[in-house]
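Okay, here's what each chain looks like letter by letter:
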Amino acid sequence: MFFLKEETKIISLHPSYFGPNMRDYLVTRLNEEEEGRCTGDHFVICVMDMVDIGEGRVIPSSGNAEYTIKYRAIIWKPFRGETVDAVVTSVKPTGIFTLAGPLSVFIARKNIPGDIKWEPNTVPPQYTDHADQVIEKGTSLRLKILGVKPDVAAINAIGTIKEDYLG
Amino acid sequence: MSNFLNQDFGSEDEDDEFNPAPVDESEGEDSKPAKSQGRQAPGSDDMKDQGDAEEDDVKDGADDDEDDDEDEDEDADEDEDAVEARPRKRRRGPLNPFIDEEAGVDEEEDEAEDDEDELAEFGTEMHPDDFDQLPAGAETDDRRHRQLDRQRELDATMDAEKQAQLLKERYGRNRAAATDALVIPKRLLLPSVEDPSIWGARCKPGKEREVVYSIQKRIEERPAGSRNPIRIISAFERGHLMQGWFYCEARRQADVTESLEGINFYYPSQKMTLVPVKEMPDLLRVQKSEELMPGGWVRIKRGRYQGDLAQIEEVETNGLNVTVRVVPRLDYGMNEDAAALMGPDVKRKRGATNAIRPPQRLFNESEAKKKHAKYLSATSGLGGKSWSYLNDTYIDGFLIKDMRVQHLISKNVNPRLEEVTMFARGGEDGTANLDLASLAETLKNSTAEDSYQPGDPVEVYRGEQQGLIGRTVSTRGDIISLQVTEGDLAGQTIDAPVRTLRKRFREGDHVKVIGGSRYQNELGMVVQVKDDTVTILSDMSMQEITVFSKDLRLSAEMGADGQLGIYDVHDLVQLDAATVACVIKVDRESLRVVDQNGSVRNILPTQIANKIPPRRDAVATDRNGAEIRNGDTVREVYGEQRTGAIRHIHRSYLFLHNKAQAENAGISVVRTTNVVTVSARGGRPTGPDLTKLNPALNMQGPGGGRGAAMPPPSRGRDTLIGKTVAVRKGRYKGLVGIVRDADDKNAQVELYTVNKPVQIDRNILTPKDPITKQTLDSGRGRGRGRGGGGAGGGRVPYGSGAPSGAPGWSGGRTPMAAGDSSRTPAWGGAAASRTPAWGGMSGSRTPAWKNDGSRTSNPYEAGNRTAYGGIGNRTPAWNSGSRTPYDSGSGYDAFASGSRTPAWGGAGAGANTGNRTPAWGGLSNGRDQRDFDDAPTPGGGYSAPTPGAYAAPTPGASAPTPGAWPDSAPTPGAFNAPTPGGMPKRGGYDAPTPAAYDAPTPAMGGAAATPGAGYGDDDGGPRYDDGTPSP
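Going down the list, the protein sequences come from chains V and E. Its first residue numbered 1, the first sequence is counted upward by one per residue in my numbering. Its first residue numbered 168, the second sequence is counted upward by one per residue in my numbering.
Chain E on its own, in the form it takes in the complex (with noise of 0.2 Å):
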């Protein structure tokens, strides 16, 4: 394409074009009303000027050949002039500038060829501004006219775009143009109505540049004066932007039509449309071109290193080469097997094959000469040795690049630090030496304009307002406004671009990471600020970080950074069944903990079981058996004698937090045994909490609540000592003696049955009252349930309540049952429950309760129990009788077969014999007295039924127990059903206990809460309780 540009628009032709612009203009300034001609020239530059990718091809052809061409020019020029021209010029004396023998045969050609018809007019005048480029005297000087010449030349080499811009200052389009000795507001240089319009025309995409050129060329062809002129005065196009479009200035639409007739890939069927004069400067926009820095980062927009990143080495002077370092994408002839096989498809399939892109690696020379010795070769040159492989050049591992600006990405390049890094070069001491200003620089390219937010302090750094200081009050894309606040114009507000500003800050402020860098939302206060990096101090880690101003907030915040998810520096998170972690780091995707065995890992989030909420009353103890919670300082007593402030506790974990520690963000694990207190939060050893009860007033005695809750030891002589109690259980149960000498645990326990002393359990001992043998309270005593029960079924016959029931029936025997067991009602309804299941005997006995009214028919069971005992009478009997119907008691059997008979047996004999028989003998009496008792009672109601059951039963009993108790059956036979009811049951369970059980059940069911009132009522309710420790 150069080439072919070269050969089209050699520099010469360049020179024609532009050169005589000024010519031009000055002419059309002369001569005001041909215009059409004189503006073709600014026209041309307009051309020119739009011509983004023009300048390019231009360039690229013009540059080098212009460039040694001219140079050469120049060079043959000055040797001329040294030799033989200066005499002849001075000799022609003051002439035409623009005319210039010695300027080369170029320039005579060039204007030869351009203005033939304008030569009349041409070279009388000069341009004012050429004039005035010229120093005084210059007219007369044609030195200065090489001057001039030298200067265009290096002009036309410049950025063809600054060269535009550099003429249409000069030369703006306006009519005032020209006289640009004055200062034009640039308004006035606006077109107007009066202006020629342009027209846009389409064209087909891509080959809109062909298109103004063929136009160009038709203008050439036809110019002004010739018999068919062309009417445009300028054609232009611009590029990429408006692809398909090409624009041409002319006064009539007719102008163009013709003009455009026959023109190659232009589009006539399609509609030419007028563009606003309002749109007509937008449309001929320049936009700045990006100035490259060495040093600054760069994209490659194509080829093998599409996207990669590559840093800008050298920047050639016409701004359109650079030459870019970048990591080798090298597969070092790895794959050419594959490749050659293909054969001819190879130029191809390239694109294919290139498609697996080897990984970007630092060259690598002993890697090139296996495969690929021989296109490599080495020059060592000035700054190191430089290999060069496959016709590019590696130094350092980096491949040397030359490349068109137009194939880089220059803008929103955004470096990755890991890309980055890979440029770092090595230092001498082996760090990383980053080049953070030109990184800054790049970035900056990027700044987004949400990096500053109103409130933000900024400083701007560069640009005519430099140095003044202030706050942001509003953003509008890349203008900020802000508000001065320091210096002479403080209170005022300002626009200033985006890259004029850096953010400030002051040392000590506190900070937050925003963005960029992979310290994003680290908190910490600023420890240093040198230019536009910051160096700020973790909060979390202690650690010092240099970031750029631009990344930085002030932050308001304190405490933990950064959140990711729910989990947050130091929580306490679960990682599986058996393992805690406390997190000591929070990345962007993942979390850094430390676990309860003191590793560090990285997890991810979705590792996490879930989060252990933190627990305030937490409570451990310290290897002293201290206690220790949250927030107490601790030190290790093994080991690294870690200290640390408690964050959690876990079973026997402490995570510890010491800020002074860096690394694992102050976090340690220690286990609670090997730490000791330091100090505890809020000094809780210090002293009574005021808050509460006051102290002094504690001090006078325990609070009855205590006392209640814990009963003092009783200490000194034991209670127990002396004292007549009753075995209840083991060889021994039932039998009555008197307490020698008692311990904690035991006591020596003289029987009254047998001579010795003998060491018993003193929990299974109960006081008796040495005289009624009643159960006393020995205030030892145990007011455990007998639940089991079934013992507790054989208890009730010998329901020492049986006795005492009989004769102290009001009182005694309630308690006594109470006293058995300790849920006095229970057995209460047991024991009233037994009556009753005799007294069901006599018939449904919940009825005859009920009916009896509780209280009564409480008693009356009572006085049933008694009676049926007969055991009231064993009562008096109780000492030795006591015993048997105990064993009875016991077992059941033994009570109902046993036991029996000989009760019945010693009914008759004596109740104090202690037999049952006395006490059946008693029974039988005490029967009568309790038919009596209860006659009366029933006699109310049931009279009549109880009376008779009582009646029945007892004989009943009598008569069946001895044979049919065991047996069950002839008792509820002969009473009625629901005793059998209960029969069967007790049946079930062993014979005795639920013999006694069984009864009260129904019983209960019946008047389960007759008994418990009848108690109460009775008198029983204190009683129970007396009773409950009875035993």
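The following block holds chain V by itself, in its conformation from the complex (with noise of 0.2 Å):
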């Protein structure tokens, strides 16, 4: 799910920016170190604006100042139960790996529809039902996300196409 997040960075200055473009500085590193993030819990997807970038405090030792900015943010929480649309980047004998943005999401064999079989022998390898179903690398899903692993910088997703209306 996406929401709009107010959150605090402190981005520490190097003097020889201290200058007349001092803001635009900071906003371009803020947007480079914050956007595309994913800090384990969720997605910064795009940096709405700063709602305050407060006083630099310059550090005695290092002549570095330290700007605390707080800005918003779009950021996207994988939930379990959601339902995305994601893109098949890979598919093994196991399931099938999707990424939903920048989620990773793998579809394991269980969860998927039992009509739905391996097929080894084409190229490149497919889930298929021998119909009109094909799903193979570059294919669109729609799966439902079933559960959510945070790791340290990454987040990792099992998800299901074996329900109404997925696939």
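For the record, the hints were derived by calculation from the structure and aren't laboratory data. Every value quoted in this text rests on a predicted model; they were computed, and no experiment measured them. We put the beta carbon where it would ideally sit given N, CA and C, even for glycine. Heads up, a few of these hints could be off.
Stated by the list, open to error - What follows is a list of derived Cβ distance ranges for each label pair: (1) Q332/E to M1/V: 54 to 64 Å; (2) L356/E to F79/V: 49 to 59 Å; (3) M50/V to E807/E: 46 to 56 Å; (4) E807/E to T122/V: 10 to 20 Å; (5) E119/V to A540/E: 45 to 55 Å.
Each of the two chains sits in its own frame; use the hints to bring them together as a complex.
Structure, rendered in structure tokens:
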């Protein structure tokens, strides 16, 4: 689910940036460091705007200045039960690896409908029900997230397509 | 045994004992005072109910015989009924149900023999229970009697314990028990002080039951109403629980003692103990018999298959006999010969021969046929072929065996997977088909209480609380209290036995396998939950694993599972000096690794030399020369085009990790030369690091430091061209010329002396001032130390320094020296030393130095040198003359002998000639000058010696030098000890160099610092720098 979240970040700036364009630097820095970041809990999709750039504080020993910046960002936190669209990145006998945006979702064999079978003899390998459904690399899928496993700087999830309106 | 029992207590007897019970009870109830008699029956109930083994034995005998007998009886009855009995019965009308003529002969007999004296009372009434059991109108219908009888018979065949329980329930030993129309609170059924006491007495261990039987017999012989009644109300024993004890219920201890007189195996000598009222119920507590289910797992207690796992095929209705399936241990007569040899002892030794147990193997008829064809017979039944071999039945290769329950262990069976797999029946598709449900059931019996921990989500899946969902709060033994989280009871805390619970997981839960299975410590996410089994997707291998929910636990951990000692999955370990490997799986005792060559093997932790700590900063280059680091994603160029993030870099091998790859835990090995970077971690190439210096500022020019670090190569016209240079080495050494052309390496030099351009390595050219011939800083100055020094020594004299020294003494020469060698000070030292050497000649130069004041001395020495060199003079004559000295410099010998001489010779001649001679001449002059110079300074302190020395040396030098120099003898001799000290050394060296050198050494010794300091003060310092490049 997407949220608009207000967050705080401390940026320290090298003294050589001190000058008229300091603000711009800060913005650039913030965007570069934050956008696309994964906290292990959510993904920061986009920094919307800055609510407040605090006063810089020069660190005594280094000369760097620290800015405490409050900003708003759009974040995406995947939830169990959430239905997302994803693209198949690879297909293995054990299941299907997909990417839903920044989130990698694995669909285990158990969570693939029984009529869709693993077909290793085709090139590329695929899951298919020998009718109109073919799942191979690049296929778009709609899946439901079954579980989310947060990691230090990544999120892994497992999903299912074994339900109505999924696949 | 069973036979014996049969004789003693045939089915009839059993009936005797039990069937009348209600009657007695009812009696007792009616006539409460007659307690002792009334109690008797319940007592026997108890007895029955206690006797665990009794039940076996009785059953063994009774069951078979009884069943048969009674069936027959029944049949007979029925027939009778059908034919004639009915009319007779009807005729009888409402009769006592217990006096049933048609109930069979047995019954009548029983009653007759049992209750002779009570017969009067007996029969007039029916026990209310029995009334209850009978439908209305039963009294009038004797058919019901038989029904009742039949029911009792059925009861008799039931599990004795169940029956006992049933009876006990019905005829609780409380006064109130009889009025069981009402529901009686259990506590009222408990014995009180008014009830008879129970006495525990000792007997021979193992003979408890016989004692009880004897007592029983005695009671029968001397019933309550008889002349000498036995006043024991009941007697029982607790079998193996209380070995060597049996218990009697009686009013007084005396009664017991009296009754037990002369009973076999009873130990009257040991004191009887009174069982406290409180403990009475415990004494009689019956453990519920294990319910064995077909398909469950048990272990065999003894015999050839002791300890083997067996699967229950069938449980007979009495719950005592089971048919089990075992993997046979047969040797097919292979060891028989050996056994036969033992002859008559065979029997006795059988145990011993059996000690060598054949391994567990499925039955193989062809092997059996080899030796034991006569024992083998095939029977084909409905379910397929079965073999009969040595009186045992084999089906599908398994031994099918009837066993008694007590020969099986049904608790904590803990079937291991490898054992269980032996039982796996091959499915049609060849896959092993395990009955997980039954396995689960068995395992559940052994559920350790610690498999539930507070906070675990659980579900009650059987029993009256079925369907409740909650979280465990605490565990006490087998009871778990859980807080209900869902449903109407939410918030309440209830208790439930472990066996009715199972852990509850939802799909997507992150769990850890905590025990039991071989997947222990695996982490994964739940993908499917089906009853008791949970399918999880392993984090590591991306494979699906099916385990029981009891073996799982919610896990907060993430990342790598399993550790074996210090080794973790994906660790890099050193196997031997040349082999490293990456751990891909951690089992309980071994590790699975993939080594640098890509081969996978299982190793023990002990085989690992050490663990290679991850190096964050390891860098390699890929095929294109791009930098790759840990964490970067690379792709293989050839072969399988594997991709992955770099886990480890080891020399030229990369260990890649790819989550989408199932095998080897996603690890693959590639060579650095075979990969190209796909993406670098953290977007290294994406832009400047903003945390560092502002790039904008960086653009403005190279930082000083950077410039300093590496001077930019100068381009454009070579600065050397057109310069006057001197050659430092080779055949043109010492010659001076003008550079006409130059490239990176060579310069074309037009030498002054040789009228043609020569190619000379530019590195051995020293730019000179065209006029003064002083060494210039070419800017390309090679600050290289000519430490080799020997040469330097030679140079020293050449010591352009010397020349410069003379005139430009103040500046030129020092730098000269400096110029000669990068290690200016050394040179300085050297030069100085030399000078001092010379000076040293005069006297201990060191002190001289010191005394002079370092600086002064320096100049002096310089001066000395100059002077000595005469070279100072030479300088002017440098162009040409220098050469000579050069030569001499190069070869000290030359210098010493030849040059000097000429010098001398030339001394007078003219410094300008450039010969040493002039130099010498100059020298003398210079010396004089120097001396003058010197003179003043020393004059201060050492004036006397120094000049003296000087004076001396000069001539001395001049004198000895020619001859003595090489020898060095004279010089020292002439002058003083230290110098000679140096001299010999010099001798040690090649003559020339050392000469110069040696001197310095001592000089250094004395005044090492001095020269340095001197230089510094002298302005020598800067000149050093200048000098440095000069060569």
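Each hint, compared with the structure:
1. Between Q332/E and M1/V, the C-beta spacing of about 59 Å keeps the proposed range 54 to 64 Å intact.
2. Between L356/E and F79/V the beta carbon distance is about 57 Å. The supplied range of 49 to 59 Å therefore holds.
3. Between M50/V and E807/E the beta carbons are some 47 Å apart, a value that agrees with the proposed interval 46 to 56 Å.
4. Checking the proposed 10 to 20 Å range against E807/E and T122/V shows it holds: the Cβ atoms sit about 18 Å from each other.
5. A beta carbon spacing of about 52 Å between E119/V and A540/E agrees with the range 45 to 55 Å that was offered as a hint.
Of the numbered hints stated above, none is contradicted by the structure.
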